[in-house]
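Chain by chain, the residues:
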Amino acid sequence: MKLAIVVQRYGLEINGGAELHARYIAEHLARHAEVEVWTTCASDYVTWRNELPVGEERVNNIPVKRFRVKHERDPLTFGRLSEVVFSQTHSVSDELDWLEAEGPTSPALIAHIGRHAAEFDFCIFFSYRYYHAFHGARTAGARAILVPTAERDPAAGVSIFGPIFRGVRALMYNSPEERTMIQALAGNEKVPSVVVGVGSEVPQNPQPHRFRQKHRIKGPFAVYVGRIDENKGCRELFSHFSSYLRQQAGNLTLVLIGNSILEIPTHPRIRHLGFLDETDKFDAIAGAETLIMPSFFESLSMVALEAWALGRPVLANAKCDVLKGQCIRSNAGLYYDSEAEFVETLRAIEFNKWIAGSLGKNGRQYYRDHYDWPVIERKYLAMLQQLAQTPHVGDSFESTPGWMERRKATCPPAAQVVAAIPAGPSVAPEMTIPRPAGPVTPPLPRRPQTPDRGRQAHTRPPSPGGGRPQRGGRRSSGQGPGAAR
Amino acid sequence: MPDFNVRSDAVNVEQIMEQIRARIREKRGVDYTEAQIKELASVKLEKFLDPRGVRSDLLEQFRRAQPTYAPPELPNFAFEDQTLFESTRGPLRFIRRLLRPILKLFFNPNPLIQALNIQSKLNSTAAEREAKRDAARFAFDQLHYEVMHNLVIETTRLGIEVKNLKMRLESLASRLEFNERRARALESVVVYRPASEDRPAQESRREESRRDESRRQDTRRNEPPARPAPPPPPPAAEIATTADTQAAGEASAQTPGSTEGPGQKSRRRRRRRGRRGSGAAAAIMGGQEQASAEQPGGDFGDGESGDADDSPIDSADSGAEFAGNDDAIEQSVDRREARPEPFEHAFGAQAHPDEPATGDPAGAPATSSPAARAVENQPVEEQPEEPTPSKPSASEQ
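Line by line, the protein sequences are chains R and Z.
Under our numbering, the first sequence is numbered contiguously, ending at residue 485.
Under our numbering, the second sequence is numbered contiguously, ending at residue 397.
Source of the hints: derived by calculation from the structure; they are not laboratory data.
Mixed in with the good hints there might be a few duds.
[What the hints assert, rightly or not] Dumping the calculated BS3-like pairs for lysine-lysine here, alpha-carbon to alpha-carbon at most 27 angstroms:
#1 K319/R / K27/Z
#2 K214/R / K190/R
#3 K353/R / K27/Z
#4 K218/R / K2/R
#5 K27/Z / K163/Z
#6 K319/R / K361/R
This structure is a prediction, so every number in the text was calculated from the model and none was measured.
Generate coordinates for the entire structure from the input sequences, incorporating the hints supplied.
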């Protein structure tokens, strides 16, 4: 089986959540199928500037093809169009303009999909909201599988994405809340889907003492990992933690790991360590009393999963349905909805070792049951096998509106659309696929190799012993812009 | 940090969150959200303004009810130099212009034109000023209303805070009261040590009972063992002892339990011995005096040995055990009753209503029970005449 992964950015140095997600999936599916990655030359998700060379390269032994971005993002235009699309009644044409302004606009990538999609069994698109996913999925047609990585933000209510959600062959969701939201928005219950998520490369023996010694951290501490940004709920976190300090409710120090674009309060018990490498990050999480996730919007928090994998409890913002739902389903984390709840939950974790230990134990089990790599691989392979056995008939995507239709201002404000759909965590237990006893065997049918187009050159040589691909260079830390999606 | 009631391996996060929220409610009284406070405030204001309707979005309703301010259309006129001669008809206008010099032969219209022109300008200025003033007043009205609205919100919030503070104050007061009671109870638990002035009297009583015992045993030894005989008349020493016993009995007769028969006394003795075997906390907390007193040798050792380390309680007890000396028994009874209560029984001031609230009970006389008081209040004359050499106590040794 041949798979193409299409994502807006790709590389070892890319820390974004969806991009990291795509890389992990590509590297793990490469054990069972021929995988090729199609992406852009951009590495900055704000400007989409062409910074990486055009052409083909190998990243962790995966062939990666990069295509130029036609133009960079103009923040003023994008901001103005976002205001129109999110807050005003608008037309389909406005939405297409907004998508074009958002980027990364790469007609070359879309043209490549059009030319070569037929050579692949499936094209897996990451991040529904970008140009490559919208136009690429339409171009790939019945081969398109979408990993939406959708959050509960106004972009989900943009009307042009409805046909995409309804037209792809399958959807790989990150959480039950994401599935509920997209099904409510697009009415795509008939499209095959599965809640998968993503695993992480968690070290077996983190060294908390090494972290404490290196960064001179004394006493118990709570850790936040990710971009320190108001959009991630960090301002509220600082406010709540200051209250915790004022009340002298406990002895915890707040350790912040990640780049900051927000002013951090000056206090001896609030320590900002900046961007750290993976080793330090895992050491810090393993040594922390709890990991705090103050974000309002998440599709899936990889850092929270890593904390659970290391047996640490998570304290999440209850305003984020996904995190709250995960805490409830896993019984591995507490959540807060107000300052008083923040202080009390933090105290509960700090002073009740039994609770903290039990939550951490449940988290480890939850990670093993749902997000360990054998489970993730199995879910992907099962879905691909199911799709391969049921050939798609007919045109999958709804036709785009005509010239006149596109210009009629009939689309409601996207924010209003999202606000109208039901919210709340999903507390129903997730489907558990039993962990395979041994390595996951490829159930996928072999696709006959096409002799032309030099495909053999891209075929990944089997690694000795069928082991996982070698990882060179620095692993992504998840402290960048999309550490949590 | 108080413990949670969840005690199972199957942690339920929702249950924990419920407990946390309950604790927050307990701490803060009723846990009002910002919206609830606003709602309460608006309801109060609405009741004041319009008792028939309750609206939570009061300010919005007020703004909606108020029309947007538009300056009133005041009547005015424009008067320029050509106004008098204007006409919509061109020929007429031309004729008037031709005849204007003739008109000016009759009167001068210029002052009239100027006056009316000035008046029209004054009218416009006044109307503009009035419109500005109205707009400012309108804005102030809204501001005043908003300020009043916010004041009501803050007053409500303050009222709730005052209520919560009152609750906290009550809680603290009750805790303080509890702590005071606890402190009093703990003070009463401190082990009783006899006052130094009581020690010679105790020592003399102990010596007396030992002498009685040895005399009695000498008497038994001098009698022929095989010949059954009626009981001999009590010797003089025994009579003296009996007198002591009677005196002690009189003293102990003041206690409620002093009318018991001999069987009851022996039963009480057995009970006490059992209790001593379990080891009271007070004895554990006490010094070496009590520790040595609890030694088994004190109970079951040879009465003749007259071990100087024996406490008055146990020496008397052992004498009573082997010789049936009731006065020693009574003394031992009273002494034991004078012991402090076990630690775990001593919480609460009600356990010791007669205890002073402050002061060191160790230095207080051993009057914890009426029986002990009775023994302690025995007149000195009833003590043996021979002064016994004062032995150092166990703690002094």
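List of violated hint numbers, smallest to largest: Violated: hints 2, 4.
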